[in-house]
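Just so you know, the sequences run in chain order A and B.
Start counting the first sequence at 1; every next residue gets the next number (our numbering).
Start counting the second sequence at 1001; every next residue gets the next number (our numbering).
The set of hints was computed from the structure by calculation and includes no laboratory data.
Each hint should be verified, as a subset may be incorrect.
[As the list claims (entries may be wrong)] Only pairs whose alpha carbons sit at most 27 Å apart, straight line, appear in this in silico BS3-like list of lysine-lysine:
hint, chain 1, residue 1, chain 2, residue 2
1, B, 1074, A, 103
2, A, 39, B, 1010
3, A, 39, A, 103
4, A, 47, A, 100
5, A, 47, A, 101
6, A, 47, B, 1010
7, A, 47, B, 1073
8, B, 1074, A, 100
9, A, 100, A, 39
10, A, 39, B, 1074
[Stated by the list, open to error] Chain B side only, calculated, beta carbon under 10 Å to chain A, not exhaustive:
hint, residue
11, 1013
12, 1029
13, 1042
14, 1056
15, 1071
16, 1088
17, 1090
18, 1118
19, 1122
20, 1162
21, 1168
22, 1201
C-beta atoms are modelled at their ideal positions from N, C-alpha and C, and glycine is treated no differently.
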Amino acid sequence: MSEVKTFQTPAVPDPILAGPTDFEVRSIDTMCVNESQLKHPWWYNFKYSLVGIFFGIAFVKAEIISWFRIQEMFRLQSFHMYGVIGTGVVLGIISVWLIKKFKVRTIYGESIEFHPKRFSRGQIYGGLLFGFGWAMTGACPGPLFAQIGTGAFVIGVTLLSAIAGTWIYGYFRPRLPH
Amino acid sequence: MTPIINFADKYQQSMMQVLSQPWPWWAAGIVIGLTVPALLILGNKHFGLSANLRHACAACLPANIQFFKYDWKKEIWNFFFVGGIIAGAYIASTVLANPEPVQVAPGLAAELQGYGITDFSGMAPAQLVSWESLFTLRGFIMMVVGGLLVGFGSRYAGGCTSGHAIMGLSDLQFPSLIATCCFMVGGFIMANLILPHIMAL
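Please put together the full structure from these sequences, using the hints given.
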């Protein structure tokens, strides 16, 4: 197999302070961002849309986007959401373990990379604030998008509000404890 | 009509019936769990939906804030993924729509009725989540303030339910476990201690 170039994550403590590259800025406070060296036409991205379609159908059909299911979860009135998340996590753990064990590559032959996450107090403060919002709106970001897809356009207001919340975080980020 | 075609018709009908009913938890769990390896194998992508909120900021209003000054086009795959979710949700609510009303746990239904919430026909109670409700104090807090907290909190935590609770836990990341526990603690506090006062407004 021909040699495949992979992107190495630079070891910079806080890119904001260190004069960041684009990759470094993108990697802050997010799921790890893996940059491909491949150049593909834009429509290659539709393969991700296909995954999204299955995901969106499951979200709606199992009523994960339902405000009621979320309230029942937080009131311990139903096992449903615990079953959904639990099954997803177990399958995810097995999948990631298999990918690492057999060094599975992407369909284009690039190696699949994982980066350890660093602990930050943001995971506690932000996590609690997110939990408040989750119970109020009955939706985390995924279901927000799915609810709009079902025709609940008023959720567009909640989505815009969530984008505004993210913007406010970006604005105050340097002054927040991490 | 030959018996074979008849059988095929019946099979298709019963298949649609199965798909139209609310799916059991394990079916959705399997689809969500398999999304993790699907995105990894298709293009080394890590599942995480709240990142799109940040990319939207970077695309529309970076405002010279360092946190939003990056090339969001390199993350465009996630917008395509979200586009698929919206399309899938549309399919599920039209072609695969469930004709029955949503089942609500008796305890929750009784509690909600105490706040004048009696309409259980949709995915969310219309008396709380609707255009009319948006212009009431109760609806504004739940939809707008709640949305702000979702956006602010998920980025502060470095991910949301998909990024931390599904992807992060799948990779056995301890920080993701902390975040997931805090999501749940926050949710329990809000739903049981604070939300009743908001819904009573």
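Now for the hints, and whether the structure bears them out:
1. B:1074 x A:103: The hint holds at about 25 Å.
2. A:39 x B:1010: violated, 47 Å
3. A:39 x A:103: holds, 23 Å
4. A:47 x A:100: OK: residue 47 (chain A) and residue 100 (chain A) at ~23 Å, within 27 Å.
5. A:47 x A:101: With Cα atoms ~25 Å apart, residue 47 (chain A) and residue 101 (chain A) stay inside 27 Å; holds.
6. A:47 x B:1010: violated, 32 Å
7. A:47 x B:1073: holds, 17 Å
8. B:1074 x A:100: This hinted pair holds, its Cα atoms lying about 25 Å apart.
9. A:100 x A:39: holds, 25 Å
10. A:39 x B:1074: Measuring from Cα to Cα gives roughly 11 Å; hence the hint holds.
11. 1013: violated, 18 Å
12. 1029: holds, 2 Å
13. 1042: holds, 5 Å
14. 1056: holds, 5 Å
15. 1071: This hint holds: residue 1071 (chain B) lies near chain A, its Cβ roughly 5 Å from the closest one there, short of 10 Å.
16. 1088: This hint holds: residue 1088 (chain B) lies near chain A, its Cβ roughly 2 Å from the closest one there, short of 10 Å.
17. 1090: holds, 5 Å
18. 1118: With Cβ-Cβ at 13 Å, over 10 Å, it is violated.
19. 1122: Holds, because the Cβ-Cβ distance from residue 1122 (chain B) to chain A comes to roughly 7 Å (cut-off 10 Å).
20. 1162: Holds - the Cβ of residue 1162 (chain B) comes within 10 Å of chain A, reaching about 5 Å at its closest.
21. 1168: Check passed: Cβ of residue 1168 (chain B) comes within 7 Å of chain A, closer than 10 Å.
22. 1201: This hint is violated: residue 1201 (chain B) lies away from chain A, its Cβ roughly 13 Å from the closest one there, beyond 10 Å.
The structure fails to meet hints 2, 6, 11, 18 and 22 from the earlier list, while all remaining hints are met.
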